[in-house]
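Taking the hints into account, I'd like the entire structure generated from these sequences.
If you want the building blocks of each chain, they are given just below.
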Amino acid sequence: MNTSLILENVLSPPILFFFLGALAVLLKSDLEIPAPLPKLFSLYLLLAIGFKGGLELQNSNLSGPLVPTILAAIFMSLLIPIICFFILRLKLNVFNSAAIAAAYGSISAVTFITAESFLSNQNIPFDGFMVAALAMMESPAIIVGLLLVKVAGPKERPKERQMKWLEILHESLLNSSVYLLLGSLLIGFLTAAFNPSGVTKMQPFTGSLFYGVECFFLLDMGIVALQRLPALKKAGSFLIAFAVFMPVFNALIGIFVAKALNLGPGNALLFVVLCASASYLAVPTAMRMTVPEAKASFYISTTLGLTFPFNIVIGIPIYMGLVNHFIPITN
Amino acid sequence: MNTSLILENVLSPPILFFFLGALAVLLKSDLEIPAPLPKLFSLYLLLAIGFKGGLELQNSNLSGPLVPTILAAIFMSLLIPIICFFILRLKLNVFNSAAIAAAYGSISAVTFITAESFLSNQNIPFDGFMVAALAMMESPAIIVGLLLVKVAGPKERPKERQMKWLEILHESLLNSSVYLLLGSLLIGFLTAAFNPSGVTKMQPFTGSLFYGVECFFLLDMGIVALQRLPALKKAGSFLIAFAVFMPVFNALIGIFVAKALNLGPGNALLFVVLCASASYLAVPTAMRMTVPEAKASFYISTTLGLTFPFNIVIGIPIYMGLVNHFIPITN
Amino acid sequence: MNTSLILENVLSPPILFFFLGALAVLLKSDLEIPAPLPKLFSLYLLLAIGFKGGLELQNSNLSGPLVPTILAAIFMSLLIPIICFFILRLKLNVFNSAAIAAAYGSISAVTFITAESFLSNQNIPFDGFMVAALAMMESPAIIVGLLLVKVAGPKERPKERQMKWLEILHESLLNSSVYLLLGSLLIGFLTAAFNPSGVTKMQPFTGSLFYGVECFFLLDMGIVALQRLPALKKAGSFLIAFAVFMPVFNALIGIFVAKALNLGPGNALLFVVLCASASYLAVPTAMRMTVPEAKASFYISTTLGLTFPFNIVIGIPIYMGLVNHFIPITN
Amino acid sequence: MKRLDLIFSERELDQIIKCLESADVPGYTVMKHVTGRGPERIVSEDMEFTGFGANAHVLVFCNEETLKRIGPKVKPILNYYGGVAYTSEASSL
Amino acid sequence: MKRLDLIFSERELDQIIKCLESADVPGYTVMKHVTGRGPERIVSEDMEFTGFGANAHVLVFCNEETLKRIGPKVKPILNYYGGVAYTSEASSL
Amino acid sequence: MKRLDLIFSERELDQIIKCLESADVPGYTVMKHVTGRGPERIVSEDMEFTGFGANAHVLVFCNEETLKRIGPKVKPILNYYGGVAYTSEASSL
Ligand SMILES: Nc1ncnc2c1ncn2[C@@H]1O[C@H](COP(=O)(O)O)[C@@H](O)[C@H]1O
Ligand SMILES: Nc1ncnc2c1ncn2[C@@H]1O[C@H](COP(=O)(O)O)[C@@H](O)[C@H]1O
Ligand SMILES: Nc1ncnc2c1ncn2[C@@H]1O[C@H](COP(=O)(O)O)[C@@H](O)[C@H]1O
Ligand code: NA
Ligand code: NA
Ligand code: NA
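These protein sequence lines are chains A, B, C, D, E and F, in that order.
Counting from 1, one number per residue, gives the positions in the first sequence under our numbering.
Counting from 1, one number per residue, gives the positions in the second sequence under our numbering.
Counting from 1, one number per residue, gives the positions in the third sequence under our numbering.
Counting from 1, one number per residue, gives the positions in the fourth sequence under our numbering.
Counting from 1, one number per residue, gives the positions in the fifth sequence under our numbering.
Counting from 1, one number per residue, gives the positions in the sixth sequence under our numbering.
Careful: at least some of the hints might be erroneous.
Below, computed lysine to aspartate or glutamate pairings styled on DMTMM-like, alpha-carbon distance capped at 20 Å [to be verified]:
hint, chain 1, residue 1, chain 2, residue 2
1, E, K32, B, D30
2, B, K150, B, E293
3, B, K234, E, E21
4, E, K75, A, E293
5, D, K75, B, E293
6, D, K75, D, D14
7, B, K28, E, E10
8, D, K18, F, E45
9, E, K18, D, E45
10, F, K75, C, E293
Part of the chain B face toward chain A, derived, beta carbon under 8 Å [stated by the list, open to error]:
hint, residue
11, S12
12, L16
13, L20
14, K28
15, L31
16, Y211
17, G212
Distance ranges between label pairs, derived from CB positions [said to hold, decoys possible]:
hint, chain 1, residue 1, chain 2, residue 2, range
18, D, K73, B, V248, 44 to 52 Å
19, E, P76, A, T200, 51 to 59 Å
20, B, G321, D, P76, 47 to 55 Å
21, A, T200, B, G321, 23 to 31 Å
22, F, K73, E, P76, 29 to 37 Å
23, B, G321, D, K18, 48 to 56 Å
24, D, K18, B, I83, 37 to 45 Å
25, A, L173, E, K75, 29 to 37 Å
Just so you know, the hints here were simulated from the structure itself, not pulled from any lab data.
Values in this document were obtained by computation on a predicted structure and should not be read as measured data.
Just so it is clear, CB atoms sit at the ideal spot from N, CA and C, and this is done for glycine as well.
Quick look at the structure:
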């Protein structure tokens, strides 16, 4: 069954465009999407995800499994980095371990929307408010990562590298992707509440266009991800194994939490995908600023070069299979 | 009543995104919309405004209050800079006064479309041909500004700075934003007249997408406007007061002209907004070329840093209140 | 009759925007569409053309005149460069002749979509699978061009300039525009076959938006084309005549092949336009890499400065007139 | 061999290039979308969309005589609109 | 007159400019979206959209004394985050 | 310390960087989207979307010996496809 799910997933436009981008790098085609076009797509996607999430949050009346789900999501984004940190410490120093751990505690918005597309292809319902969970998982992971450095790092860190609390909060809450996502969420919420005609007028932009832009962006992500692979090879087999097995492990924890939360299969998959995915946007930029001792190539090549493709291509259908197995449909 | 109008206006997506951008600067988030993306949005908006205006111009059969309205608009864009000039001369030199005066005589297309969104939110009808008035108000203000320098400026201006008539006309009619707006207007007009199926095929691009791109652009405008504020503080309290009171004053003149023209409340608001708004695109670039003696930070920080936010956030609902008060609905 | 067709064609938004761009250069307006925005439009157009072509290819069940048409298209893209080469050799050296010949053997995707818009304006049906013919005509022309250099070129070409077969195939099949077009075609095909809901979700992006982006891109092409004209004047009257008469000549050959293939008037026009159009994207970049001895200004100013505008403005309606004349409608 | 660095507003690019051409430079290189601050004005990226905010950085490698021809041609423009010009020594690789 | 070329990650741009301002430079020029490789890291264009991948190239023309004030201010930043600084001779056109 | 400025078409960027790497440069900086004119061709921004119109400006700071290794590697490429290379003196801040 999983193979048929994988096949269905692979034969959807976003994943096919991802492959097209990756293949371009493999075949040394000169296809490129010059800067700042990828930035345009990523700004658009964050704005649209946030806005749509805000609408649905409003429509959900903030009721049902919303609050426990969000609390569980925050909990996961605190727990996962700690688990990751101890595993990574087996081979890596404190700085690299903390930075990678933070990335895996956080989320990848594009993995999330790929999972949403997958669900709507399978006609499995899910709640838009899951976007709120997504938005809430970015900052805690960053904070845990920085705390790990503070607690486990060398005491003789030069003075200018001693982090101040304010800086940590600033990096974790106000870095552009978190800020735009949360802001758009709020705007979507307010618009749905006070200005329903505004929702209709936004729909062609944030709604109809979304899938196409997603494909365009995934074309670029295919290029970018494959260009990270050489760095991953240099990083060694420990990190390669980590980048594939850690998401699955995190997904498994996620499934049991989802089950405990009594989520339906759609929401459960999204929750699991949030746990399994790793950040290559907000967290890396925050780490770059606050823990320059960590090797950027480590946390980028693992998250972007391997975990991201793994999740969107075969992870999502595998997680769906697991969800179907562990969470009976009567839910 | 005005407060409720202000609230309704503030709770619409474009204004909310404007605030989101402004807040990003205040909170020192690293959110930015890298060049040339703002240029993409502004080119798109000009093209779409022009095209839609052209359609409506065609559909209006060039009849009704069209011609007197346009003549009155041109008159206002000649009158306002002269009034502004004499006020500004109280404190500023000829060059700065003329440049700022020209900016306030001209218009801001984004303020105009925000007013249109406001009207359609309030279900108040207006005529698309008002775009033609908008298009006609850019050039005269530039010409008056340059004439003011010629007439009131020092006689010993170095030779290379003596403006030639051709150059003045070139700058005022062919600078990119005026040109694209007028050109798209003409294309919309011709398409509506000779190729109705072309209109339908353009609609998803120039029509459905418009509101969303407007929001995206206003997000950037929020960033840009707030970044102008420090320069405004340097410019002093005279200019700060000017940037808030002049639009209201111009709006009041506009209301009486609108009343004399017998415009309905929708068209009246748009007319008033044209009078009250100030240019930060066409005029500043034209002034930069022809009157380099004027301080760019003066005319940009006033128009963009204060008048623009003032107009779109509270100006428009205030003007609507005034229109409702002075122009009885039986009109 | 042709004049009325020309007029109808000229009064469509894409052509009007093309004129607007060209006029901006003539009048020295500072209108410009800064890089990489034109790249964004061209990537989008290739992606959308390919995707839509793939859908229609799937829907056509690969049956009917598809295979003979594609074979004939490949044949034309081999034949035309050879004819062009011998004509060009009358005045130009081997390198320039081969490079220009290759450009005319290949195709211009924007000319093609302008022809499609023209047909749908005229309510003349055509088959989407013609895009497959378009995609197949890029590479052969490049290969012929390089072979002509190899065969007819000086034997003492320095060693580093001796082309390897692999390089030729790489340049002709994997340059970004061919690659993106073919890849999107395949993705469209697969999506239509296995994931019909994916087709619906792509439609607002690849379908509804297309006409508007085409207009925007043609605005830029107007600017770019007119900027090529001075170089064309330098290139001399032989090349100027070539750039106008060669397309017509190629179109005539195309008409007889189309007649032999028994194509309906819509498909026939598209086939003829493919023959008549010349590449300014894939071929020039390939030639630049492999035959740097050829003057880039020659092959760009002819294809982009003259043949492209000629085809989209008056070529297409003329070819339509010829098609109507030579291919009786009973077909 | 000399190296000349010119930095000024993009709006004057055409004029400056005309000067360079009329001084018969062997070539030049243009970097656009450059920002900065001079003695008076800050040129910032965020105003670029208005056709306002960007500088161009033009680089010319030429011999001493050509440089002498360039000076009197570009200086008036830089004085009028703002901008800077610096030279240094360079030699062909 | 001296020419100073600073190359470092765009993320440190604000900090570096503050240093320059506090050293009272007469002006500076910023080129963003620059990529490259240093002794350790490759900075590549394709990661630019993440806010990660681009360097800034800052160019300052100033006199020797100003340069001496700049050094101690920017060097700690370059040491902390990476980046290079080179000077050469220049003279006004 | 030496400064090397290389300007050539973006299409040759990978090749040139390979040369630099094989000459063991300590680092390099790349500015893309650069335009200009050489003795023969004008490289203009408006053709950039075709993959045609832009140059790259590559900047290398290195010692004299490294520079000597670079020369013979990059010159054939510049001769074949066009492009220029100039050196000047520089010193670390
Ligand atoms: N001392 C300097 N060093 C580097 N760049 C400068 C310097 N002074 C001015 N510039 C550049 O030249 C541009 C125009 O200068 P100005 O018109 O004098 O304000 C500025 O925006 C800077 O990019
Ligand atoms: N030797 C060099 N020559 C030119 N640019 C360099 C050199 N070394 C470093 N850079 C530039 O400085 C940036 C930061 O260097 P680093 O932080 O030392 O890796 C690199 O990405 C390059 O753009
Ligand atoms: N004398 C020069 N000074 C500055 N840049 C130059 C010079 N000559 C050539 N270039 C640059 O090098 C590029 C390639 O030169 P070429 O291939 O010789 O035409 C040009 O497009 C210019 O950007
Ligand atoms: Na996670
Ligand atoms: Na006004
Ligand atoms: Na052809």
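Tested hints:
For the hint linking K32(E) to D30(B), the alpha-carbon distance of about 15 Å falls within 20 Å, and the restraint holds. The straight-line distance between the Cα atoms of K150(B) and E293(B) is roughly 13 Å, inside the 20 Å bound, and the hint therefore holds. The hinted pair formed by K234(B) and E21(E) meets the criterion: a straight-line CA distance of about 18 Å does not exceed 20 Å. The straight-line distance between the Cα atoms of K75(E) and E293(A) is roughly 17 Å, inside the 20 Å bound, and the hint therefore holds.
Of the supplied pair hints, the one linking K75(D) and E293(B) holds, its CA atoms being roughly 17 Å apart against a limit of 20 Å. Straight-line distance between C-alpha atoms of K75(D) and D14(D) comes to about 15 Å, which keeps the hinted pair within the 20 Å bound. For the given pair, K28(B) sits about 16 Å from E10(E) by alpha-carbon distance, which is consistent with the 20 Å threshold. Using a Cα cut-off of 20 Å, the hinted pair K18(D) and E45(F) holds, with the two alpha carbons roughly 17 Å apart.
At roughly 17 Å between alpha-carbon atoms, K18(E) and E45(D) fall within 20 Å of each other, so this suggested pair holds. Between the alpha carbons of K75(F) and E293(C) the distance comes to roughly 17 Å, so the proposed pair stays at or under 20 Å and holds. For the restraint placing S12(B) at the interface with chain A, the shortest Cβ-Cβ distance is roughly 5 Å, inside the 8 Å limit, so the hint holds. Contact between L16(B) and chain A, as hinted, is supported at the beta carbon level, the nearest pair being about 4 Å apart and thus within 8 Å.
Of the supplied interface hints, the one on L20(B) holds, with its beta-carbon coming within about 4 Å of a beta-carbon of chain A, less than 8 Å. Of the supplied interface hints, the one on K28(B) holds, with its beta-carbon coming within about 7 Å of a beta-carbon of chain A, less than 8 Å. A distance limit of 8 Å between C-beta atoms decides the matter here; for L31(B) the minimum to chain A is near 4 Å, and the interface restraint holds. Among the interface hints, the one on Y211(B) holds; its C-beta lies about 4 Å from the nearest C-beta in chain A, closer than the 8 Å criterion.
At a threshold of 8 Å, the smallest CB-CB gap from G212(B) to chain A is about 2 Å, leaving the interface hint in force. K73(D) and V248(B) have their C-beta atoms about 49 Å apart, which keeps the hinted 44 to 52 Å range intact. P76(E) and T200(A) have their C-beta atoms about 54 Å apart, which keeps the hinted 51 to 59 Å range intact. For the pair G321(B) and P76(D), the beta carbons lie near 53 Å from each other, so the given range of 47 to 55 Å is met.
With their beta carbons about 26 Å apart, T200(A) and G321(B) fall inside the hinted range of 23 to 31 Å. The given range of 29 to 37 Å is respected by K73(F) and P76(E), whose C-beta atoms sit roughly 36 Å from each other. The hinted range of 48 to 56 Å is satisfied by G321(B) and K18(D), whose Cβ atoms lie roughly 54 Å apart. As the Cβ distance of K18(D) to I83(B) is approximately 40 Å, the hint placing it in 37 to 45 Å holds.
As the Cβ distance of L173(A) to K75(E) is approximately 31 Å, the hint placing it in 29 to 37 Å holds.
When each numbered hint is compared with the structure, no violation occurs for any of them.
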